[in-house]
Amino acid sequence: MEFRIDDATRERIEAARELGEREFRPAGLAADRAGAPIPVGDPFFDRSIARGEGRTRWRPPGAATPKARSSSSPSVISNMLVAEELAYWDRGVINAAPGPGLPESNVVSMGTPEQKERYLGPFVDPDQPRWACFAMTEPGAGSDAAAIRTLARKDGDGWILNGAKCFIGGASRSDWILVQATLDPTKGRSAQRAFFVEQGTPGLGGFNIEKKMGLKAYESTSFTLDDVRVPAENLLGGEERYQSSAGFKTAMRTFNAGRPIIAANAVGMARAALDETIRFARERDLLGDSRVRDRIESIARKVRKARLVCLRAGWLAQLERPNIIEASMSKAMAAQIAQESTSAGLEILGADGARGDHLIEKLYRDVKAMDIVEGTGQIQRMIIARSLTGLPR
Amino acid sequence: MFDLEAGDELDLVVETARQWAQSELVPSIRDAESARSVAKGLRETWEEVGLGTLELPPMQGGAGLGCVGRVLVNEELAAGDAGQLLALDSSAPIYSAALEIGGEEAVGELLKLTEQGRLRGILVVAEDAARCDVDESTMTLDVPWVAADAADVVAVLTSDSLLVATSGLVFDPVRGAGFRAAGGAGLRVDGAAIVSRWTNAEGAGRAKARVRLHYASVLLGILRATCEFSNAYAQEREAFGKPIGHHQALAFLITDMRMALEAARGLVHEAAWRVDAGLTCSVEAAAAWAECIEIARSIGPNGVQILGGHGFMADYPVEKHMREARALSLLCGGFDAAVEEAGRGLIESSSPLALCSEGGL
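Chains as they are written, first to last, in the numbering used here: chain A, 1 to 393; chain B, 1001 to 1361.
If you are wondering where the hints come from, they were derived from the structure by calculation, not from laboratory data.
All C-beta atoms, glycine included, are put in the ideal place defined by N, C-alpha and C.
Any given hint might turn out to be false.
[What the hints assert, rightly or not] Here are some chain B residues pointing at chain A (derived, C-beta under 8 angstroms):
1. D1003
2. E1104
3. A1251
4. R1258
5. L1261
6. G1266
7. A1287
8. Q1305
9. A1337
10. I1347
[To be verified] Example chain A residues on the side facing chain B (calculated, C-beta under 10 angstroms, incomplete):
11. V267
12. P322
13. E326
14. S328
15. A332
16. L391
Taking the hints into account, I'd like the entire structure generated from these sequences.
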């Protein structure tokens, strides 16, 4: 048993801490005060690109692997700890960052060579900030992804898409959107397909940047697809992939590294609230009060245990061992604890917390999303209970 | 680096403990409780299997598996029956404390006093005593409850010392809220001679951390048994046409119990690892102990709740788990002392959980 982290991860965390303090925290606070996402032309993004961020990990055939990427990929644990550290400084800014984002993994694992070239190629060495996004959520389908209604209909040598999507991160600024649609809403996930829809395609429109309670640094956007026609080659993986029974399920595995990452974000936010609470209590000379100390102890203990549960889930994913229960536990627990942590911090702040200008108050608003995205806490419990108690589907 | 695998050797020991507990302890849970004693011959098989001294250095007859080894094995044994475990292994916390405060020399001396573990010893944490007066050569104690009817050696852990007495020990039997297989008594010591003494404030702090982790891992075992038993019951018992575990209210309750257990286990393991790594561990151990107590408050009663009226009856083990988890939680100063100690330690730092801090994460 070993709880130490390796030197390479340590260096990554230190770099994330420096970046977070210098860039993420100020950008997140500014966006929160402005009540709007960081604008596309903001110098924040130019600096991000100049630092080499916003690039794809995909390499064109025959291309040399950049020196910085020549060593083995960071482990899941390393990525989780960096995710925790960055979220400590600002979770919303993580989502605002340019790059191929959420759909990158799907394109890398399922895309045809032509699709990788066309859609990831511009992210190999971008000369300006570029975004891409994945559109699954709909007004009537959140955690229940099998219930999406956006319809894909074959039309000659192409496809016609109709539907509406919501809460999609960065949709209005994305070069392309990977849209999840269904051939038949009655057939669940087996009938679902993903399509590349490029910005400017006729029928793609109605972009509306939502007003949110928190995480304001990145845009969450709704849009509509009104008879959007895309060519056959825009079907992720190509037609042939779906002739086999595997279909979209090829992306599903017995282990999950996504939920532990979100959970690690929540741990980082909870830790930020803890530190701010201690700072406030120290400044106000409250640490001599056992009631305050006990609250701080309780927060710290819960954050520590959430971190360990997350790392256990991540460790299993790293070993490619089944971790469905652990991944859901990490997500359910960390999000809830993060909410409790920020709430307890506000109670220690007292009326100062109600002024609306304290970081903990922002964190309290930001962190609620962590119990919603990637499946709510209730959905996570259903997933766990199916394994644990045989709860029927 | 980060690795939650116990390792092949320890895995084998843990598996041995699991099998031994299930075959030797589980069948006699109620008999041992009624008899206030383990079955005849069990102590001999316990000594043969060698789990009692596994954290001690090999030179002293142990397996050198440290605090991590101890907590992993304790959970397995306590999941079998914590009452019989405390009867068989009451001296283990003394050796753990001695290792931290006086090193191998202290352990050697204690092994002599207990005749290599054959005599029964018990550890008293000073905070658990109604009265604890110590001078240069004698000790006076009044302890409301120890999980033993009698003992040959009493070790007292104070804030800076470990003190041992072997005479003048008076045990007044009490019924005991739990762990009756180990017996139960109030302990009085009136001016008894201190036969051994080690003083080392830092070591005493680490010793207390280790004792807390010892009991925390026993608590984990009890609570795991509750979770496993009540979940299995929920698969079989039907209400309104389906297993009660298929009703979402109970399914979520069982899920939350399991989540709480996993999380507390993580805290215990990390703190135990810190002990073995020689890192600071008092705050982490106090937090782990506090967390185990906190979850015991919910898992214990909820285990009974899942069984409904059956849970209230002594026919099923969950009522025993509930009683024993509560009683064990009162040791080492209980919840409030643990929270106080962890809290005071935490606020020394402006960012107590920052990554890349000393030693571990």
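- Message: Name the hints, by number, that the structure is in violation of.
- Response: 2, 5, 8, 9 and 12
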